[in-house]
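Visitor: Given only the sequences and the hints, what does the whole structure look like? Please build it.
Note that the protein sequences, when read in sequence, are chains A and B.
46 is the number that my numbering gives to position 46 of the first sequence; each next residue is one higher, with no gaps.
149 is the number that my numbering gives to position 149 of the second sequence; each next residue is one higher, with no gaps.
Please keep in mind that the hints were generated in silico from the structure rather than gathered at the bench.
Heads up, some of the hints might be wrong.
DEER-style ranges, computed between Cβ atoms [claimed, not checked]:
id, chain 1, residue 1, chain 2, residue 2, range
1, A, Gln3, B, Lys88, 17 to 25 Å
2, B, His103, A, Val75, 18 to 26 Å
3, B, Ala146, A, Glu68, 38 to 46 Å
4, A, Ile107, B, Ser115, 42 to 50 Å
5, B, Glu222, A, His58, 41 to 49 Å
The beta-carbon is built from N, C-alpha and C at its ideal position, and this holds for glycine as well.
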Amino acid sequence: MVQIPIKLPGDAGKPQEWAMIELQGTLETRHPVPFSGRFIGDLHFTHKDVPVLIIGHHILYGKLVSLEKPYGILVKDRQADTAHASYTITAIIRKKLLFKNRPKPIIANVPKKL
Amino acid sequence: MEANESINTRSLEDIASVLDFAKLDRSEIKSETQSVYFSEHLDSESFRLLELDKAVLEAIENGEKVVLRGDKEDCAVLCTDSQTFEVKQGEISNAMLILPNIHFGPELSTNDEPSVRYNEFTFNELLDLVQGSENEINTALHKMQALIIDGYWRVLDFDFLVQVMGHLLQLCDENDWTHSDIDYHKLNEDKVCRFFAEQILKHARKFNLSQFLSTWEKSVPEGMKTSLYQLEGLALIDRDSTPEVISYMTVDTLPEDMDERFNFLFRMKEKWSLADITPYIKDLETDKMDVTAMLTKVARASMSQGIKVYNSRKPLT
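Guide: Structure (structure tokens):
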């Protein structure tokens, strides 16, 4: 039977806590370019702590959600021997910013017709 | 999404103009903005997200053994010391962005100045990117004169340093600290002189040595004395050319591989004295091989004008 242990990183104690932004749909660029290093958007919070994300021509209002079942981020340990595969939990995600509403398009100012 | 924006390039003005465009008033939001970027080393395939049931999470945190088990024809299960869970693979159509250091609304500062926080490299992320031990990375960061600003390692822009140095010297001058007898109030003469030399050399590739020396001497604060030893590892002096020249060369721009390093150095200059070459190879020293041992391996020693000099043992490539 295949047995794959899931471990915490070393003796570092508690795993780090990371966060997540969840968006309805997918992120696309206008031109097919690699995403690496690219700017996504600005994240603001209102005074009532509502997250506001501005991506390109879209503004999104979301909410902070505590996950009932947190996510563990599993990274496969580098090992030559596949028979002894193992995973390390590098971080745990307990909270996410969920943007499930339809993004509102930002409409640039156009001169009104009289 | 603009094609040419990358980490660090967003200014408060950029953010303000987007807010303006989105008709979102500054007064409606907290002063701190977090700009989100894709990682430079984006690799979604290298990790998996595992939804952790409360019992599983507790088991992991308590250091229990948690193991995925299954044969080819089985469904995979996850076992803690005392329980078994079925593992299902899920597909989610939503985009999930994982952020190592984001701050949620309640954690944000409430100061009034607009500010921006980038999702950048912290030390832990450096550990992921650099193949070195913590101590080695720390030493390298120290050597680079990197410093931590708001939890992120940064290197100050040279022109900014020039500005700061200008203010600092002016302040010292106004308070007459330059000639202070108190040790901890004294500027480090060697470091200040070296800094001024770097300022002169950085923009010129090669410099007539005697011209450089007089310019340098005049550039440093009154009372400070320039000396060639202050330029160790910063500049290379060629005494064989006429007139003698000095050029800007720092060790961090040289190849890391030992063979390539020596090849590069010997192409630069055929014969090196021990004192001249040491700052450019010192960082390659290991427990087993110090500077002299390295030179014995790759170079041949000879005497030139009463000084021991080294040239390459093998033909240069």
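Visitor: Given the hint of 18 to 26 Å, is the C-beta distance from His103/B to Val75/A inside that range or not?
Guide: 24 Å, holds
Visitor: Using the Cβ atoms, figure out if Ala146/B sits within 38 to 46 Å of Glu68/A.
Guide: Check passed, 41 Å falls within 38 to 46 Å.
Visitor: Check the following: the C-beta atoms of Ile107/A and Ser115/B are separated by a distance inside 42 to 50 Å.
Guide: For Ile107/A and Ser115/B the Cβ distance comes to about 28 Å; the hint is violated.
Visitor: Kindly confirm whether 17 to 25 Å is satisfied by the beta carbon distance between Gln3/A and Lys88/B.
Guide: 19 Å, holds
Visitor: Does 41 to 49 Å hold as the CB distance between Glu222/B and His58/A, or does it fail?
Guide: 59 Å, violated
This entry does not satisfy hints 4 and 5, going by the numbered hints stated previously.
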